[in-house]
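> Okay, here's what each chain looks like letter by letter:
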Amino acid sequence: MTSSTSASANPPLPAGRTIRLGLSRIGYETKAYFRQGDSVFFTFLFPILMLSVFAVAFSTADKIGTNPDGGGGISWAAFYLPGMLAAGMLLSGVQNLGIDIAGEKGDGTLKRLGGSPLPVFSYFMGKMGMVLASAIGQAILLLLVARFLFDVSLPTEPEKWMTFAWVFLFGVVTSCVLGIALSALPRSGKSATAVVIPIVLLLQFISGVYLNFSQLPGWLQNVASIFPLKWMAQGMRSVFLPESFAAAEPSGAWDLGLVAAVMGLWLVIGLVLCRFTFRWIRKDS
Amino acid sequence: MTDSDPAVIVRELRKSYGGFTAVDGISFEIQRGETFALLGPNGAGKSTTIEILEGYRDRSSGEATVLGTDPERGGLAWKARLGIVLQNTGEAGNVTVREQLSHFARFYPNPRPVDEIIAAVGLEAKETTLIRKLSGGQRRRVDVALGLIGRPELLFLDEPTTGFDPEARRSFWELIRGLKDDGTTILLTTHYLDEAAQLGDRAGVIAAGRLIDIGRIDEIGGAEARVPIVRWRTGGTLHEERTHEPATLVARLVSESGGEPDSIEIVRPSLEDVYLRLVGDAAAAATADLAAEAAR
Chain A
0 MTSSTSASAN PPLPAGRTIR LGLSRIGYET KAYFRQGDSV FFTFLFPILM LSVFAVAFST
60 ADKIGTNPDG GGGISWAAFY LPGMLAAGML LSGVQNLGID IAGEKGDGTL KRLGGSPLPV
120 FSYFMGKMGM VLASAIGQAI LLLLVARFLF DVSLPTEPEK WMTFAWVFLF GVVTSCVLGI
180 ALSALPRSGK SATAVVIPIV LLLQFISGVY LNFSQLPGWL QNVASIFPLK WMAQGMRSVF
240 LPESFAAAEP SGAWDLGLVA AVMGLWLVIG LVLCRFTFRW IRKDS
Chain B
0 MTDSDPAVIV RELRKSYGGF TAVDGISFEI QRGETFALLG PNGAGKSTTI EILEGYRDRS
60 SGEATVLGTD PERGGLAWKA RLGIVLQNTG EAGNVTVREQ LSHFARFYPN PRPVDEIIAA
120 VGLEAKETTL IRKLSGGQRR RVDVALGLIG RPELLFLDEP TTGFDPEARR SFWELIRGLK
180 DDGTTILLTT HYLDEAAQLG DRAGVIAAGR LIDIGRIDEI GGAEARVPIV RWRTGGTLHE
240 ERTHEPATLV ARLVSESGGE PDSIEIVRPS LEDVYLRLVG DAAAAATADL AAEAAR
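Chains as they are written, first to last, in numbering that gives the first Met the number 0: chain A, 0 to 284; chain B, 0 to 295.
Rather than coming from a laboratory, the hints here were simulated on the basis of the structure. None of these values were measured; they are calculated from a predicted model. Positions of the beta carbon are idealized from the N, C-alpha and C atoms, including for glycine. Some hints here could point you the wrong way.
[What the hints assert, rightly or not] Quick list of simulated restraints, FRET-style, between CB atoms: (1) A:Glu158 to B:Glu115: 52 to 60 Å; (2) A:Asp150 to B:Arg105: 44 to 52 Å; (3) B:Thr128 to A:Gly26: 54 to 62 Å; (4) B:Thr161 to A:Lys159: 39 to 47 Å; (5) A:Lys189 to B:His190: 40 to 48 Å; (6) B:Lys132 to A:Ser190: 21 to 29 Å; (7) B:Gly162 to A:Phe204: 44 to 52 Å; (8) A:Leu22 to B:Ser3: 48 to 56 Å; (9) B:Thr161 to A:Leu142: 49 to 57 Å; (10) B:Lys132 to A:Lys189: 50 to 58 Å; (11) B:Asp114 to A:Lys159: 30 to 38 Å; (12) B:Glu115 to A:Leu142: 45 to 53 Å.
[Unchecked claim] Here's a subset of chain B near chain A, in silico, CB distances under 8 Å, partners left out: (13) Tyr55; (14) Ser59; (15) Gly74; (16) Ala79; (17) Asn87; (18) Ala91; (19) Val94; (20) Arg105; (21) Tyr107; (22) Pro108; (23) Trp172.
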């Protein structure tokens with residue numbers, strides 16, 4: 000942690016402080032996040048709002064995925080739930096951190112932290128913990144709204160919930176890392192929203208969040224398959240949609256192994272980008 | 000390194016951005032426990048110099064040693080010994096004064112008690128207020144508090160009292176004097192020359208990236224710059240004379256005019272007067288250089 004040349008002059012800092020400070024950052028960041036009204040609205044409540052809009056708009060429409068005899072099928076609220084959960088994972092990580100960290104770069108927060116003995120890793124821990132806390136809260140709220148407001152029946156099998164847990168955690172962590180990497184892109188805190196929002200909005204449209212993925216043209220499905228959101232949404236569909244819906248996926252199956260592989264790949268790409276692009280300040284601006 | 004080594008050593012420090020040279024070969028030292036004021040007009044290179052020493056910017060050439068460490072390679076343990084009050088801050092401030100200070104206190108191995116710091120900057124009444132709801136001067140006091148919380152050996156103060164009312168400035172000076180008594184080394188930049196005179200032991204004056212003078216506060220500009228000025232009026236005309244013997248001059252004026260001279264005053268140039276002259280001379284010299292270059 001200290002350079003060898005200054006080891007004699009600078010007394011070493013206690014071991015374990017990186018983790019201890021990271022935990023302290025989680026509390027600090029989470030508190031500050033929920034006091035910021037606009038991000039709570041646009042990131043935290045947005046998927047819940049969108050689910051409500053779709054559920055209400057299609058409330059009189061026919062069920063989706065009915066059997067040839069007219070039985071079975073699910074409501075539109077049930078159909079949209081997995082997409083909204085996936086969107087929430089993406090927004091909490093990529094949109095939230097992409098804008099938040101670019102803003103902190105612009106307003107001097109990072110400069111102050113960079114002049115203090117806070118380890119970069121503790122800072123990242125704080126951001127990820129904050130995102131995880133808000134994403135979990137968001138998912139619980141989404142599930143409650145779906146279950147009790149729109150009468151969506153939730154899975155009861157424990158293995159479905161295990162799938163939910165790993166897809167969710169893996170997806171949120173990947174989103175966080177990509178958000179941190181993306182925060183290097185905007186040239187100023189003010190332009191961050193303009194840079195980040197179109198990217199996540201476009202991804203949501205092509206990845207099966209708002210539009211039925213199986214009805215998109217094949218080439219667009221292929222483009223979307225490069226990005227992680229499509230796989231997050233697919234993972235969530237495997238949890239919340241009936242088994243019969245797997246046939247509508249491009250390969251005719253949920254492909255959970257691929258879901259994990261693509262998210263893992265993006266996690267690694269994100270980590271590498273963070274390693275090379277994150278700086279407390281641009282030294283020569 | 001030992002405690003008698005200077006806290007800061009700067010030799011032939013240079014920083015250029017593209018074709019523009021912001022700092023052009025500056026050298027100085029700051030002894031332990033000393034308060035050194037860096038003075039100069041906007042854009043003279045003060046902040047660039049201080050940010051190189053804080054580790055925020057890399058120098059183009061020259062040497063810099065801060066608490067025995069090259070700031071370009073300063074690690075966390077080195078940063079834990081510094082206190083930095085930056086010139087501009089504009090954070091979102093969604094935490095209270097107390098939350099912010101308690102949080103930052105954890106970063107340091109031996110922080111000052113949060114209560115003590117809040118009292119020292121006079122924010123007791125505001126400790127549970129969100130920082131974004133504070134006035135500009137109050138936020139500045141939080142900045143100062145954050146600079147002090149880690150009990151720094153070396154404190155950087157970049158225009159610390161901007162936005163303070165006169166009373167807050169006085170109490171800030173008291174606070175800094177207390178730190179000086181505790182042995183804290185301080186590097187201060189300020190636009191308020193009275194502040195530099197109140198707090199500084201020595202000062203350096205920077206203009207256009209060069210150090211044009213350095214010395215004890217009461218010796219800056221040389222003895223000649225501090226020669227008293229006698230001013231008086233005769234029949235509406237203002238007279239001014241610089242003299243080492245002002246009382247003799249006044250006595251002569253009294254005997255010549257046979258009474259009290261009109262609007263008489265004896266003025267000893269303040270640090271501000273001396274400074275303005277130094278900087279003005281440097282600007283005139285720079286302009287002359289440019290003109291000579293253009294003529295060539």
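> If a hint holds in the structure, say so; if it does not, say that too.
Hints and how they fare:
1. A:Glu158 to B:Glu115: 52 to 60 Å: holds, 56 Å
2. A:Asp150 to B:Arg105: 44 to 52 Å: The hint (44 to 52 Å, Cβ to Cβ) holds, given that Asp150 of chain A and Arg105 of chain B are roughly 47 Å apart.
3. B:Thr128 to A:Gly26: 54 to 62 Å: violated, 19 Å
4. B:Thr161 to A:Lys159: 39 to 47 Å: violated, 59 Å
5. A:Lys189 to B:His190: 40 to 48 Å: violated, 28 Å
6. B:Lys132 to A:Ser190: 21 to 29 Å: holds, 26 Å
7. B:Gly162 to A:Phe204: 44 to 52 Å: holds, 47 Å
8. A:Leu22 to B:Ser3: 48 to 56 Å: violated, 40 Å
9. B:Thr161 to A:Leu142: 49 to 57 Å: Between Thr161 of chain B and Leu142 of chain A, where Cβ atoms are some 51 Å apart, the hint holds.
10. B:Lys132 to A:Lys189: 50 to 58 Å: violated, 22 Å
11. B:Asp114 to A:Lys159: 30 to 38 Å: violated, 52 Å
12. B:Glu115 to A:Leu142: 45 to 53 Å: Because 48 Å falls inside the window, the suggested range holds.
13. Tyr55: The hint holds - Tyr55 of chain B has a Cβ within 8 Å of chain A, the shortest such distance being about 6 Å.
14. Ser59: Cβ of Ser59 of chain B sits 10 Å from chain A, so the hint is violated.
15. Gly74: holds, 4 Å
16. Ala79: Cβ of Ala79 of chain B sits 4 Å from chain A, so the hint holds.
17. Asn87: Since the shortest Cβ distance to chain A is 6 Å, the answer is holds.
18. Ala91: holds, 6 Å
19. Val94: Cβ of Val94 of chain B sits 6 Å from chain A, so the hint holds.
20. Arg105: holds, 5 Å
21. Tyr107: holds, 7 Å
22. Pro108: Hint holds; Pro108 of chain B Cβ to chain A Cβ min 6 Å, cut 8 Å.
23. Trp172: violated, 24 Å
Violated hints for the displayed structure, listed by number in ascending order: 3, 4, 5, 8, 10, 11, 14 and 23.
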